Amino acid sequence: MGKRSGDGALFFPTMTKLTKAEIAAARQARYRRRMDLRVASSAEAVEFVNDVGFCFLFPIQNVEMPSLWDAIAGRVVKTTNKHHGYEIERTWGWKDDSLNKKWWFYGKLIRAKATLVSLDLLPNFYALSENYGDYEQDYLEEYRAGRLTAEAKAIYEALLKHGALDAVRLRREAHLTSEESQTRYNKALTELQAGLKVLPVGVAEAGAWNYAFIYELLPRWFPDVPEKARHITRAEARRAILDQYLRNAIATTVPTAARVFGWPTAEARQTAEGLAEEGRVMLDVKVAGLGELQIVTKKNANAKKRRR
Numbered sequence: 000m001g002k003r004s005g006d007g008a009l010f011f012p013t014m015t016k017l018t019k020a021e022i023a024a025a026r027q028a029r030y031r032r033r034m035d036l037r038v039a040s041s042a043e044a045v046e047f048v049n050d051v052g053f054c055f056l057f058p059i060q061n062v063e064m065p066s067l068w069d070a071i072a073g074r075v076v077k078t079t080n081k082h083h084g085y086e087i088e089r090t091w092g093w094k095d096d097s098l099n100k101k102w103w104f105y106g107k108l109i110r111a112k113a114t115l116v117s118l119d120l121l122p123n124f125y126a127l128s129e130n131y132g133d134y135e136q137d138y139l140e141e142y143r144a145g146r147l148t149a150e151a152k153a154i155y156e157a158l159l160k161h162g163a164l165d166a167v168r169l170r171r172e173a174h175l176t177s178e179e180s181q182t183r184y185n186k187a188l189t190e191l192q193a194g195l196k197v198l199p200v201g202v203a204e205a206g207a208w209n210y211a212f213i214y215e216l217l218p219r220w221f222p223d224v225p226e227k228a229r230h231i232t233r234a235e236a237r238r239a240i241l242d243q244y245l246r247n248a249i250a251t252t253v254p255t256a257a258r259v260f261g262w263p264t265a266e267a268r269q270t271a272e273g274l275a276e277e278g279r280v281m282l283d284v285k286v287a288g289l290g291e292l293q294i295v296t297k298k299n300a301n302a303k304k305r306r307r
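Quick note: the sequence shown, position 128, residue 127 per numbering that gives the first Met the number 0, numbers continuous.
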């Protein structure tokens, strides 16, 4: 096993003897999937997101990443459609409460799934997006180049013209209110969130369920993010994101990293090699119990132990 320091942190002194079980134990701690480490308040939820840098709202099958749901549960618990229980009440409640408070970025980002990103790391994701300059004009270039759908363009222009809108009015202003356009509307909203153009910023009592997200343009909601992103190269952004991913997941492979973030395999490999040159990761590590050679973080692989 890895050795523990005085504060309960876990280190891997001999990478060549690292095992699959050690990685799993370290992930349990990083993801707060332990009752002594679980997130018990909204303030701790913010602390957790800042610590892991980015995570899913709910765990996504076959994607190795922390989730707020697991951290709140303090263990692996199957997600449910029920609306009772502290896990679902806190996960949904704190997510909704956070939207107008700018605790973090929330939107359908990684793998187009509900994702939380710390504000410190958000400029790195933005630096990898198609958003380069004037947000009032750049989307038109993307549209002309075929990289933005007509529905996404209509939604973006509605927000650009009217400011933040709840989902019901947004559909109306984007002229996507027909029943047959609902799927295209939802896909376009996901497209805009994954492209870091639009995000939910609140909840309105609107629609049949008296519950609808309020959407706004990201550059207006977080105006400092585009400015910070301008000073980050794409290579630097990828290194920052992969470094944080490995601090959480402890180990991965180049193909897995490429799949998680949607990067070309060659770029994922170059990113890993860059981190190795900087002394942040080790490449080609043999892990007992895993077939492929791994990229392994050199960072502290565990959170401080806390008891409740």
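The set of hints was computed from the structure by calculation and includes no laboratory data.
All values derive from a computational prediction rather than experimental measurement.
One or more of the hints may lead you astray.
[What the hints assert, rightly or not] With a cut-off of at most 16 Å between alpha-carbon atoms, the simulated EDC-like pairs for lysine to aspartate or glutamate come out as follows:
(1) K19 / D283
(2) K152 / E88
(3) K285 / D119
(4) K77 / E88
(5) K16 / E291
(6) K100 / E86
(7) K298 / E266
(8) K160 / E135
(9) K112 / E63
(10) K298 / E88
(11) K19 / E291
(12) K152 / E141
(13) K186 / E204
(14) K16 / D283
(15) K152 / E190
(16) K101 / E190
(17) K297 / E276
(18) K112 / E190
(19) K19 / E88
(20) K298 / D50
(21) K285 / E266
(22) K160 / E172
(23) K160 / E88
(24) K152 / E129
(25) K297 / D35
(26) K101 / D119
(27) K107 / E190
(28) K298 / E277
(29) K152 / E178
[To be verified] Label pairs and their in silico Cβ distance ranges:
(30) E272 / E178: 46 to 54 Å
(31) A42 / E179: 39 to 47 Å
(32) A287 / Y142: 36 to 44 Å
(33) D119 / D96: 48 to 56 Å
(34) T182 / S41: 48 to 56 Å
(35) E272 / T78: 34 to 42 Å
(36) K19 / Y210: 39 to 47 Å
(37) Y142 / T18: 46 to 54 Å
(38) E46 / E179: 38 to 46 Å
(39) K19 / R74: 16 to 24 Å
Backbone N, C-alpha and C define an ideal beta-carbon position, used for all residues, glycine too.
How the hints compare with the structure:
1. A hinted pair counts as satisfied when its Cα atoms are at most 16 Å apart, and K19 with D283 qualifies at roughly 15 Å.
2. The straight-line distance between the Cα atoms of K152 and E88 is roughly 35 Å, outside the 16 Å bound, and the hint therefore fails.
3. For the hint linking K285 to D119, the alpha-carbon distance of about 33 Å lies beyond 16 Å, and the restraint is violated.
4. Annotation: proposed proximity of K77 to E88 holds, straight-line Cα distance about 14 Å (limit 16 Å).
5. In summary, the hint linking K16 to E291 is supported, as the alpha carbons are separated by about 15 Å, within the 16 Å threshold.
6. Distance check on the hinted pair: K100 and E86 sit about 21 Å apart at the alpha-carbon level, beyond 16 Å; violated.
7. Between K298 and E266, the direct Cα distance comes to roughly 22 Å. Violation of the 16 Å bound is thereby established for this hinted pair.
8. As the CA atoms of K160 and E135 are separated by approximately 10 Å, the hinted pair is consistent with the 16 Å bound.
9. Only pairs whose Cα atoms come within 16 Å are accepted, and K112 paired with E63 is accepted, the gap being roughly 13 Å.
10. Annotation: proposed proximity of K298 to E88 is violated, straight-line Cα distance about 33 Å (limit 16 Å).
11. Our distance criterion of 16 Å between C-alpha atoms is met by K19 and E291, whose separation comes to about 12 Å.
12. Among the hinted pairs, K152 with E141 is consistent with the structure: their alpha-carbon atoms are about 9 Å apart, no more than 16 Å.
13. Using a Cα cut-off of 16 Å, the hinted pair K186 and E204 is violated, with the two alpha carbons roughly 23 Å apart.
14. At most 16 Å may separate the alpha-carbon atoms for a hinted pair to count; K16 and D283 meet this at roughly 13 Å.
15. With a C-alpha separation of about 10 Å, the suggested pairing of K152 with E190 holds against the 16 Å cut-off.
16. A C-alpha spacing of about 21 Å is found between K101 and E190, which places the hinted pair above 16 Å, so the restraint is violated.
17. Simply put, K297 and E276 have alpha-carbon atoms about 12 Å apart, close enough for the 16 Å limit, and the pair holds.
18. Using a Cα cut-off of 16 Å, the hinted pair K112 and E190 holds, with the two alpha carbons roughly 11 Å apart.
19. Between K19 and E88 the CA atoms are separated by roughly 33 Å; this puts the pair beyond 16 Å, and the hint is violated.
20. Distance hint between K298 and D50 is fulfilled; the C-alpha atoms sit about 13 Å from each other, no more than 16 Å.
21. At roughly 22 Å between alpha-carbon atoms, K285 and E266 are farther apart than 16 Å, so this suggested pair is violated.
22. A distance of roughly 10 Å separates the Cα atoms of K160 and E172; the hinted pair therefore holds under the 16 Å criterion.
23. Using a Cα cut-off of 16 Å, the hinted pair K160 and E88 is violated, with the two alpha carbons roughly 35 Å apart.
24. Distance hint between K152 and E129 is fulfilled; the C-alpha atoms sit about 14 Å from each other, no more than 16 Å.
25. Distance check on the hinted pair: K297 and D35 sit about 25 Å apart at the alpha-carbon level, beyond 16 Å; violated.
26. Between K101 and D119 the alpha-carbon distance is near 12 Å, which keeps this suggested pair within the 16 Å criterion.
27. Taking the CA atoms of K107 and E190, the gap is about 8 Å. The hint holds against a cut of 16 Å.
28. Simply put, K298 and E277 have alpha-carbon atoms about 12 Å apart, close enough for the 16 Å limit, and the pair holds.
29. Our distance criterion of 16 Å between C-alpha atoms is broken by K152 and E178, whose separation comes to about 19 Å.
30. For E272 and E178, the Cβ-Cβ distance of about 51 Å falls inside the hinted range of 46 to 54 Å, so the restraint holds.
31. Look at A42 against E179: about 45 Å separates their beta carbons, and that is inside 39 to 47 Å.
32. For A287 and Y142, the Cβ-Cβ distance of about 51 Å falls outside the hinted range of 36 to 44 Å, so the restraint is violated.
33. Here the CB-CB span from D119 to D96 is close to 21 Å, at odds with the stated 48 to 56 Å.
34. Checked against the given bound of 48 to 56 Å, the beta carbons of T182 and S41, roughly 34 Å apart, lie outside it.
35. Roughly 37 Å separates the CB atoms of E272 and T78, a value that falls within the hinted 34 to 42 Å.
36. Range check, K19 to Y210: about 42 Å between beta-carbon atoms, so the 39 to 47 Å window is met.
37. Separated by about 50 Å at the C-beta atoms, Y142 and T18 satisfy the suggested range of 46 to 54 Å.
38. Take E46 and E179: their Cβ atoms lie about 45 Å apart, and the range 38 to 46 Å holds.
39. Roughly 20 Å separates the CB atoms of K19 and R74, a value that falls within the hinted 16 to 24 Å.
Figure legend: structure checked against the earlier numbered hints; hints not met, in rising order: 2, 3, 6, 7, 10, 13, 16, 19, 21, 23, 25, 29, 32, 33 and 34.
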